[in-house]
Amino acid sequence: MIPTTSPATVTRTQPLAAGPEDRSALPPPLLLFEQVSKWYGTVLALNQVTLALDGGITGLVGANGAGKSTLLRLANGQLRPTLGRVTVRGIDAWDWHARRLVGYCPDIDSFYEDLSGRRFVWVMARLCGYSRAEATRRTEAVLERVGMRDRADRKLRGYSKGMRQRVKIAQALLHDPELLILDEPLSGIDPVGRQELLTLFQELAARGKCLLISSHELEVLEKLTNHVVIMARGRVAAVGTLQQIRDLLDDFPVSVRVEVADPRGLARLLLGLPEVVGVEVEPKGSAGAVVLRARHPKRFFAAFGQLVLNERLEVRRLEPLDESTHAILGYVLGGSGKT
Amino acid sequence: MAARTDDLLRYRPWRGQPRGPLHAAVALARMSLRVLLRQRLLWGLFGLGLLVFSFFFYAQYLVVWITNQLGTETVRFAGIPVTVTNLTKFLDRLNLNGTAHTFGNFIWFQGYVLVIVLALAGSVLVGNDFAHGSLPYYLSKPIGRRHYLLGKCLAVGTLINVFVTVPAVVLWVEAGLLFDWETYYLNNVDLLLGVFGYGTVLTVTLSLLVVATAIWVRRTVPMVMVWMGIFAFLRMLGEQLARELETPAWRLLDLWNSLYLCGLWCLGVDHETIRPVPQPRFWQAWLAVAGVSVACLLYLRRRIQAVEIVQ
Chain R
1 MIPTTSPATV TRTQPLAAGP EDRSALPPPL LLFEQVSKWY GTVLALNQVT LALDGGITGL
61 VGANGAGKST LLRLANGQLR PTLGRVTVRG IDAWDWHARR LVGYCPDIDS FYEDLSGRRF
121 VWVMARLCGY SRAEATRRTE AVLERVGMRD RADRKLRGYS KGMRQRVKIA QALLHDPELL
181 ILDEPLSGID PVGRQELLTL FQELAARGKC LLISSHELEV LEKLTNHVVI MARGRVAAVG
241 TLQQIRDLLD DFPVSVRVEV ADPRGLARLL LGLPEVVGVE VEPKGSAGAV VLRARHPKRF
301 FAAFGQLVLN ERLEVRRLEP LDESTHAILG YVLGGSGKT
Chain C
1 MAARTDDLLR YRPWRGQPRG PLHAAVALAR MSLRVLLRQR LLWGLFGLGL LVFSFFFYAQ
61 YLVVWITNQL GTETVRFAGI PVTVTNLTKF LDRLNLNGTA HTFGNFIWFQ GYVLVIVLAL
121 AGSVLVGNDF AHGSLPYYLS KPIGRRHYLL GKCLAVGTLI NVFVTVPAVV LWVEAGLLFD
181 WETYYLNNVD LLLGVFGYGT VLTVTLSLLV VATAIWVRRT VPMVMVWMGI FAFLRMLGEQ
241 LARELETPAW RLLDLWNSLY LCGLWCLGVD HETIRPVPQP RFWQAWLAVA GVSVACLLYL
301 RRRIQAVEIV Q
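The listed protein sequences derive, respectively, from chains R and C. Numbering follows my numbering, in which position 50 of the first sequence is assigned residue number 50; successive positions increment by one, without gaps. Numbering follows my numbering, in which position 57 of the second sequence is assigned residue number 57; successive positions increment by one, without gaps.
Looking at chain C on its own, in the form it has when it is part of the complex (with noise of 0.2 Å):
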């Protein structure tokens, strides 16, 4: 539609182009992290995550060091004299070696972190609109319901990456910079590639799954017992299943668990090597994901159809 010149503000007239609801969509999702990050719990929050990291990061770095340096050397450990290989053993299980399972333990854990800073976006995000009702204001722009929720997801989508996959790239590259260099980027563009599929895997479904969650329960205390509910009571729920009843599907109750074998995949992880085990087949936690969506999806659009905004 051309833009009209006019007289109304008093000012020179304007001759340009309106952009799109697209752009409005980014610029949603700038002002709504803008809003998220004036919550005070979120910076601790952040700090917390940025832990996780640094863990990671320097156990990263200490393991290697150990290993290239001190690796036949015994040193006393409370007068004990113990080789120094075995002081980094607890860290094994991390496998802190820049392979695939780096990034996955990785995320794993940082997961712990997101999910509580899923459930207070969420509600400051998307919630908020609903519940004090500022949702007009969006909508009464030349936009679209759907470029509301994008601009929402984009929002939080943001908000995963920062958590997880920019934190992960930086682990692959630290990891490069450890070992002979040339031959570990080249030789490892498929875990950088997977790294990012992973990340592209959260960010679709969570930032769907928050979306859909906060505006179906609007406030931060319900959103974190729904969230509790799935990351915490269903995982449970799911462990015990597959144990007592030795079905490794039941273990698809744990959505955080189906996101991590979905990013294993993606990191080309043998299912053989996962733990714990059982785990259900890649193909199963795929199907999971993809259901998770889908009906997140589709209640957005059930709700987009309705948009009954003011009850």
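If we strip away everything but chain R, and leave its shape as in the complex, we get (with noise of 0.2 Å):
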């Protein structure tokens, strides 16, 4: 279990330090977990989570079977918890009242396989109160964002994986919700549209949304958050930016490759230092490389500027090798990192 940056608490947009005064004028988080734990039966899915989140983009990743799609059904107010209590804007994600704030893409694509899109969006559109006319306007809006206007006659059983995503994202923004809650958004979507969605999300988060987004394609969230929450077996492993988690993680040495004209007197300083526990210098012909392991990040890289400013060393490039969101979950779910 890594500590996170509070008490298993992030609020993006909240300062944690606020005073009672101050909190007390604060409005409510725009989703909070209070200790909330789910079972099934008698498997504990979700484990005393407590989360607050209140704009941007974050990333949901765990093993299967870590409680992710619980925690995003409890958000959505899909299940009920068994202990604590999960709010949006203060209301509980149980009443009907909540949704009105919260779009939720769901992971399944079931339909009912005789509807056109269109129709299922304008239906979707009605579930949420709008009358007819500006049901129908909603629909066209968002099958334009999602770059399904023109393909919506369609029926759904003809539609390809990727374009029953659009849909499900499309049917999640009708109602302009403050949260989006998206499971698995970009699966089956082909590279043009991924960046296309990607924007859009993007979009969304500058515009002051807050999106939850659950996603196995690591690679994929890196590109648009660094900001993400790990779970591992029903709990908040970490929450916080990858930089944030990577630096509690003093048990894992770092792994940072130096580009230098040097690398052979590079490496002999760099034993001098008494956080470094390994150094490797990359063989001949590659670009004059020194791939290093060091405890205590923080410490190291304090000492290893002072290192550079005394030995007037050049250094040409410095990259750090496992703050990818793939390594950090490696570690911290003790594994591959492969979920």
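Calculated from the structure, these hints are not laboratory results. All figures in this text were calculated on a predicted structure; none of them were measured in a lab. Errors might be hidden in some of the hints.
[Said to hold, decoys possible] Which residues of chain R face chain C? A few of them, derived with a C-beta cut under 10 Å, are:
(1) Ile108
(2) Leu127
(3) Ile181
[Unchecked claim] Covered stretches of chain R (in silico footprint by chain C; criterion: 3 or more residues with CB under 8 Å from a CB of chain C, positions within the stretch not fixed):
(4) 71 to 80
(5) 109 to 122
(6) 128 to 136
Think of the CB as a built atom: it goes at the ideal place given N, C-alpha and C, for glycine as much as any other residue.
Hints in hand, dock the two standalone chains.
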């Protein structure tokens, strides 16, 4: 279990250091899990999760069975917590009023296959409470937004996986929700469409929306955000930016690649630093680089900076090798990082 | 909650107020019916229902016409002289004379088609949502689980009334036109109200039963089997037990019979005229129907509270 940047809580736009008077003036967080546990019979799916989100894009990662889907369903009021409380802007997530603020794109893609995509989205707009005219306008707008306007008259049965994904995202956007919960939103979408949707997500975040995205495609998630919630065995194992989480992983030496003119000379100097536990000089023919492993990243980088200044070294490139989501997930989950 | 001006969708700001979840329940019912109407089998069953209705409609006309126009005449039927009223003797059991039993009998026979329709409707409208996992789409919208169930019950209720109540009202109108319409309509308003009452009992009980069983078994074939169990097996069992043990209360196992008794009570029928005999008392039938409805409600409530919608 990795300690998080606060007691299992990270609020991205609200300073946690705010005093009691200041806190009372703040609106309730957009999404708040308070000591939430969820049991399925005798199986504990979620264990005392506390989490607050207020804006931007957050990636939700973890191995299968870690509790990601349960967390998303609780956030969307599809499930009720066994213990604790889930609120959306202070409203109980189970209450239908809360869902006016939440858009949900589930991972399943089962619809009434005889309906056209346009009709499906229109019906969903009607379920949001819009009049016929407004439902039609919104349907056209969201279909345009996900690039499906021209193809929406075909029956859902004939849609490809990617088209289904777009329709699912379209229906989640209908009521312009403040919080958008997306479960594997990019699965099955071609590279061009993927880039379009990534841009859409970034635009939404830029407009102040909060996006909670669960995905197994960590590389794609990295393009969107570096703020992640890592789930393991029903608990939030870590929350924060990748850098914050990596800094807390003191037990795992950080790997850094440094390109310099004299790699052997640098290797000698590095071995003198107490934080460095291993140095490897890349073979001749490469750019001339050293790959080192160091404990206590903060102390190491401070010492390394001092070393560079004292020895007047010319560092051409410095690259942390294991600050990717994949590597960090591997450390946190104690495996390969595969999800 | 006030509607916000949204710039996400890039069109003119909307200043309206989203309607409540009851409106969404109606929208859900309309969509469900639209989906159901795409089923060819349902159209076949509609045709069958229309056939039952047409039989009652034209037979009622025929009986009245023969009685009024040819009542005393004799016709040769296969070379044998027969009084024309004897030709329609076989229809006497159906009481095609615009009385309470006419409507009771019509709804009884229409029930054979209706239960098949409802088995299909249950699996298509509700079972599919659970079996294929499309329920999260509905429940992610600003509606409660109660509104989802209400929407589905509305769809099933509409179907029941299209099959039963509306044709029965047409039969009532026809009966008025066949007899002295001024006196018939004025004297038999209670029959019309009885038809509506019968329709309401069927709508409430059967819609709850359909939704509950569809949530329970989900797929068409098991749904039909459960339905057959309720409306065919329990009926035979109830009849047999009532006859063998000479206890009419055993007929309460037959839900359709209990609904029939409740309907006849609404139509103001004398208990002694109900066939087959013996029959349980009206209050017993009401108790049985209420028991089924409450059991369905409790089951649905339990599902709503648990709502482990994804297994």
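Structure-based check of all given hints:
For R:Ile108, the suggested interface contact is upheld, since its CB lies about 4 Å from the closest CB of chain C, less than 10 Å. Interface restraint check: R:Leu127 against chain C, minimum CB-CB distance 4 Å, threshold 10 Å, status holds. Annotation: R:Ile181 was flagged as interfacial toward chain C, and the flag holds, the nearest CB pair being 8 Å apart, inside 10 Å. Counting residues of the region 71 to 80 of chain R whose beta carbon lies closer than 8 Å to any beta carbon of chain C gives 6, which meets the minimum of three for the stated coverage.
For the region 109 to 122 of chain R, the stated coverage by chain C holds: 5 residues have a C-beta nearer than 8 Å to a C-beta of that chain, and at least 3 were required. Requiring three or more residues with a Cβ within less than 8 Å of a Cβ of chain C, the coverage given for the region 128 to 136 of chain R holds, as 5 such residues are present.
Every hint, counting from the list given before, is met by this structure.
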